[in-house]
Amino acid sequence: MLLGRLAQALRWERPSWKAVLQQVVELGLGSLGLVATGMAFFGMVIVTIAWAQARKYTGNITVVGPAYLELIIREFAPLLSGLLAASRQAAAQSAELGAMAVNEQVEALELSAADPLVELVAPRFFASLVALPALTIVGAMTSVAAASATVSLAFGADGASFANTRFVGPMDVACAGVKAVLMGAYIPLAAAYRGLGARGGAAAVGEAVTDGVVEACFGCLSIDFMVAAAFLPFT
Amino acid sequence: MRALGRAVLGLLGWTGAVALLAGRCGARLGGLNGAELVRSLVSFGARSLGLAAGAGALIGATVVLQAGVYANQFGARLYTGWAAGYALLWEFGPLLLGLLMAARIGARNAAELALLTIHGQLEGLRGISLDPYRLLIAPRVVAGVLSVLALSQATFLVAVGFEALAALAMLGLPLRVFLGAFAEMLHLGDVIAGLTKSLAFGLAIALVSTVAGLRVEGGARGVGRAAASAVLVSCATIFGLDFLLTPLLAKVLS
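These protein sequence lines are chains S and E, in that order.
With the working numbering applied, the first sequence covers 91 to 325.
With the working numbering applied, the second sequence covers -18 to 235.
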């Protein structure tokens, strides 16, 4: 719904590319630390679990490695990077936009004949479309690196098996790509919707942030499920 | 280099604040204000139930989707129940729910405490020699932890149910087979592992969001920023705890 209005608004005016670039940098770099650290930790954790599972069933982790790599690329990287970015991005954007809405800065924008959707939301939207896939790639690489390192250093087995792309096909990358783009579209929209709708004061800003982040996260979960289901016949 | 130093200092600052808060709350566990505890339990726990259930359904179905792909490839469909259940109990249940709860409970707690702080109400309480920790802060922390714990278990049940349904609908796996494999191959230790993680995550969310809320500076913007940083730091803490706990639990419980 918000997307429709945004598309309409964009037909009349174009957002300044400088603003978009600014947002790309802020969104990308801002979430980079969290995504990289989080995914690195996750890579190490998933390896620990794989190790336990491999010991019970195949006795050899190198068998499980390529399968886990496919899982990481197809599922975990988009989902977890998305959730982490959603948390940070939606929280920051809802907070900013909410504070602006409550301070009536948004109405002031409208009064000076600037469309808040174009000025405020559009740059963030386009930036997120670019930034989130980039963050997903970073997340995937970080977790794979962490996983390989953990297998080699902590378990003394062949870490390269986790970087073995034997099972990874174009469909996996496509699945991840679709997820990342959709999440990248959804997160700023959810955050903006909640942020701009804040009315009433500081309490409203808090509510806006809470709801914005929750909606963004839940949206990521839903998108992940729907895309995974859609791609299932193509495994 | 400077950014790294700042990050480390920030980390130490947070750790210190959290530890201090934990100590203060722990010291007052005996005389908590019951009314606030109940109110917080409802606000954090009961009101988040729908979200948690929905998340559980999605998580369960997605786990089965992915696990089923592998079970099919390796011709081990019977094991889908075990693989999916294992992954869920140990990892995805606590982690994904933790992230979601960090968003909902963490942001809400931080925002409410931030509001109370900037309106000077907490200091007002101290002014009339009432202890804000006993009255407000500690009950909320306890309520937060209990809510996350309880919600995790409820979510797990919902997730298992949806896992079974998803296995049936998308992989053609009979309910009996799925649930049978589940019951056979999972042990109490797995459940305890998931519980411990949920407890740890809940504690992290409650403490971090309280610190974030109390640290607020500024007006409406500050509240927003407090909520945002509550979510951010909670998520980072959850991932870190997950990393520390998983191998530890694996060693202790296997």
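Derived by calculation from the structure, the hints in this document are not laboratory data.
A hint or two may mislead.
[Said to hold, decoys possible] Short, incomplete list of chain E residues facing chain S, as computed with Cβ under 7 Å: (1) Leu46; (2) Arg85; (3) Tyr114; (4) Ala131; (5) Gln134; (6) Ala135; (7) Val139; (8) Leu195; (9) Gly199; (10) Gly200; (11) Arg202; (12) Asp223; (13) Leu229.
All C-beta atoms, glycine included, are put in the ideal place defined by N, C-alpha and C.
Violating hint indices (sorted, rising): 3, 4, 5, 6, 7, 8, 9, 13
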